[in-house]
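Colleague: In case you want the letters, here they are:
Protein chains: 2
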Amino acid sequence: MKGAFALKGNFAYTPACGQLALKPHGILVYEDGRVTGLFDGLPERFKGLPVEDFGDKLILPGLVDLHAHAGQYAYRGLGMDMELLSWLEHTAFPEESKFSDLAYAQEAYSVFVQALARSATTRACLFATLHRPATLALMEMLDQAGMRCFVGKVNMDRNSPDILGETTAQSLAETRLWLEQSAGLAHVKPILTPRFIPSCTDELMAGLGRIQREFALPAQSHLSENLSEVSWVAQLCPNARFYGDAYDQYGLFGGDCPTVMAHCVWSGPEERALMKERGVFIAHCPQSNMNVSSGIAPVKGFLLEGQRVGLGSDVAGGAHLSIFRAITDAIQCSKLRWRLVDQELSALTLPEALYMATKGGGAFFGQVGSFEPGYELDAVVMDDSALPTPRPCTLAERVERVVYLSDGQPCAKYVAGRRLF
Amino acid sequence: MKGAFALKGNFAYTPACGQLALKPHGILVYEDGRVTGLFDGLPERFKGLPVEDFGDKLILPGLVDLHAHAGQYAYRGLGMDMELLSWLEHTAFPEESKFSDLAYAQEAYSVFVQALARSATTRACLFATLHRPATLALMEMLDQAGMRCFVGKVNMDRNSPDILGETTAQSLAETRLWLEQSAGLAHVKPILTPRFIPSCTDELMAGLGRIQREFALPAQSHLSENLSEVSWVAQLCPNARFYGDAYDQYGLFGGDCPTVMAHCVWSGPEERALMKERGVFIAHCPQSNMNVSSGIAPVKGFLLEGQRVGLGSDVAGGAHLSIFRAITDAIQCSKLRWRLVDQELSALTLPEALYMATKGGGAFFGQVGSFEPGYELDAVVMDDSALPTPRPCTLAERVERVVYLSDGQPCAKYVAGRRLF
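If you read the sequences in order, they're chains S and B. Residue numbers for the first sequence follow my numbering, so the first one is 1 and each next one is one higher. Residue numbers for the second sequence follow my numbering, so the first one is 1 and each next one is one higher.
It is worth saying that the hints were derived from the structure and are not from the lab. Here the structure is a predicted model, which means the values were calculated and not measured. There could be a bad hint or two in this list.
[To be verified] Calculated pairs, SDA-like style, for lysine to any residue (alpha carbon to alpha carbon, straight line, at most 20 Å): (1) B:K57 to B:L38; (2) B:K98 to S:P238; (3) B:K98 to S:C393; (4) B:K98 to S:P390; (5) S:K189 to S:G146.
[Stated by the list, open to error] Some but not every residue of chain S turned toward chain B, in silico, with C-beta under 7 Å: (6) K47; (7) L336; (8) V341; (9) D342; (10) T349; (11) P390; (12) T394.
[What the hints assert, rightly or not] Chain S regions said to be covered by chain B (calculated; three or more residues, Cβ under 8 Å): (13) 302-315; (14) 400-412.
Backbone N, C-alpha and C define an ideal beta-carbon position, used for all residues, glycine too.
All chains should be modelled from the sequences, with the hints used to inform the complete structure.
Modeller: Here it is in structure tokens:
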């Protein structure tokens with residue numbers, strides 16, 4: 001049982017969507033890179049195992065951020081008085097162009113990686129920028145920090161400003177070089193990242209489709225985020241039946257290639273049917289959808305129809321990296337959607353949103369996001385003693401308070417069985 | 001010039017709605033309990049004045065919370081999966097009943113007052129509970145902490161559970177005793193607080209109207225928060241033309257009696273016209289309106305028609321006491337309202353929401369919430385060095401980052417010219 005150990009504390013997790021499982025004063029046993037089980041007391045056969053005792057603190061699965069732009073963390077909370085396409089033009093694109101300077105990129109990514117490592121997030125799907133050297137630097141920093149992430153060098157060869165563009169040939173060649181140069185990293189892996197359809201020519205998409213099949217890579221992009229964007233895609237791709245079809249025509253929409261699509265605020269029935277058929281993951285990013293005035297995705301509907309859904313911070317469309325914040329944003333937005341748009345879809349509950357933030361998004365990484373036997377061990381220990389109240393709280397109430405009120409910083413964090421702090 | 005001093009730093013404030021005024025490396029002079037002016041350098045005639053130099057930090061007007069329930073802070077972030085009337089029945093009312101125990105109330109209010117004093121809020125309109133001794137204890141604690149607040153003993157004599165009710169006679173007698181006993185406080189003042197129409201009989205409202213005129217008291221309550229509540233009021237008050245009219249019939253709707261009404265999510269044209277005519281303040285509480293599924297108030301419309309609007313945390317319908325959070329919630333909700341409900345009303349901008357959080361709500365307290373000459377000095381000093389970015393930021397961008405990203409805790413705070421920390 002080399003490397004085996006046990007954790008002691010108050011466990012909370014969601015084995016199924018909407019189901020909050022609690023194990024007060026429980027003991028989790030971890031062996032051979034997987035959770036063996038969660039017990040009321042340490043079973044006889046594990047006597048002698050080292051036990052890390054977190055007393056009365058809460059232990060939750062590590063949170064999963066299915067969509068964030070590492071290269072945008074430097075300007076989170078800025079330019080928020082703009083809608084998506086203006087914000088891209090006036091804030092995001094000029095800022096991302098700075099990442100051609102490797103020294104700037106290293107400084108910016110160092111701030112981002114420190115914040116991510118300190119947060120309750122253990123896994124993330126990240127956009128870098130189009131710049132290969134900066135993307136590699138980000139991947140190395142994340143790997144060294146012990147994070148498990150998919151990171152994408154962004155591809156974009158049209159509708160981009162001069163300061164932030166690449167030709168189709170450059171984009172494809174740089175992508176191949178990036179894949180070669182990032183192959184040695186242990187825990188941080190590449191993910192194909194066409195920015196979104198308006199930024200990618202058909203030729204680029206076709207080339208990325210070939211690379212995807214050659215290297216068996218996962219993919220990430222944006223889908224049906226904003227109404228102006230959806231109309232633009234319809235103009236750009238007259239042969240696509242709907243936005244998602246423009247990815248699917250190049251094989252970049254799930255199926256053999258695990259794919260995560262951010263937003264899906266305005267996905268219609270056909271697009272949703274294809275997402276389900278292809279097993280496409282939806283990264284729901286409620287704060288970003290508010291900040292850039294996109295709308296509210298019908299997340300409860302996604303869950304009811306059996307879509308695979310996780311949460312994303314979408315920094316810097318979202319200003320906050322905390323996935324606890326994404327949980328409460330998702331719940332709050334779902335309540336407004338119920339009230340203002342569609343009373344047929346009830347609001348999300350805390351156990352549903354917590355599920356999306358852990359096991360829902362975690363599935364993109366394998367058996368991640370739960371404390372069930374066989375799962376990898378991603379865990380965050382939350383100390384709620386800094387949230388004083390005169391009121392005695394049950395364990396379920398303590399979980400709700402941590403999600404709504406904590407600053408999102410765990411006091412201990414395990415990623416794939418390794419304690420980071 | 002006894003008690004006069006100067007503050008040095010980077011000032012930002014909103015002299016008019018939507019107008020962000022900046023004075024980088026400015027000097028504010030304070031004399032005789034009022035701001036004398038904000039200068040580029042210390043004018044000759046003030047040489048020798050003690051200067052508190054905050055270097056490169058930001059100095060903003062203290063924030064104003066126009067609506068919060070001090071007695072609900074103990075259970076903020078709990079029971080959030082319920083709508084308003086259920087949440088009142090299952091969470092708020094049982095919890096408030098505990099405040100009949102003065103020792104419990106002292107413990108709970110001590111936690112609340114510490115959090116409020118530490119926050120960027122300098123003025124607040126607060127609901128206590130119906131319990132007179134606990135309400136007096138809260139007022140004394142706030143007074144000692146140096147906060148300037150209006151606090152209300154809650155009145156409620158119908159549709160309340162047995163554990164949290166009072167008869168009409170009790171409610172009126174206790175109110176008079178509370179006014180007598182709180183008369184000696186220097187900075188914390190009483191405000192008449194009928195809970196909301198469903199909780200108050202006509203007889204109680206008539207009695208409160210008499211007390212209001214006798215003592216020239218301000219008043220606070222709830223208005224048109226939630227559709228179920230609005231229908232209930234229509235049933236309860238068949239003679240009222242609309243919800244606000246049910247207050248107005250007893251003289252408790254502005255005019256001679258400065259009044260703040262929380263929410264106004266569903267106020268119709270007649271109600272809005274009367275609010276404007278009577279100068280009623282609207283406390284916009286976006287987070288609470290999300291949490292209890294109320295909807296989104298047409299705040300931009302309120303501003304355009306010249307209503308008096310401030311922001312409220314509405315703890316514990318809102319989970320967070322921070323008015324910075326209320327600013328961003330207000331902006332985000334206004335974007336969703338634009339997108340989903342009414343594209344005629346554009347989204348709120350940061351300078352509009354910051355205005356509501358300072359000068360807009362501050363007007364309820366007099367000349368409060370700005371750094372213009374003649375204003376009382378409420379100021380918070382914000383240190384944004386804990387929000388690292390590799391990107392140089394303008395002063396306006398630093399303000400936006402503090403509002404969106406800071407933990408809401410100033411490093412120095414002045415209330416009515418007195419430095420609290």
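Colleague: With reference to the structure, classify each hint as holding or not holding.
Modeller: Here's how the hints hold up against the structure:
no. : hint             : verdict
1   : B:K57 to B:L38   : 16 Å, holds
2   : B:K98 to S:P238  : 65 Å, violated
3   : B:K98 to S:C393  : 15 Å, holds
4   : B:K98 to S:P390  : 11 Å, holds
5   : S:K189 to S:G146 : 13 Å, holds
6   : K47              : 39 Å, violated
7   : L336             : 6 Å, holds
8   : V341             : 6 Å, holds
9   : D342             : 10 Å, violated
10  : T349             : 5 Å, holds
11  : P390             : 4 Å, holds
12  : T394             : 10 Å, violated
13  : 302-315          : violated (count 0)
14  : 400-412          : holds (count 6)
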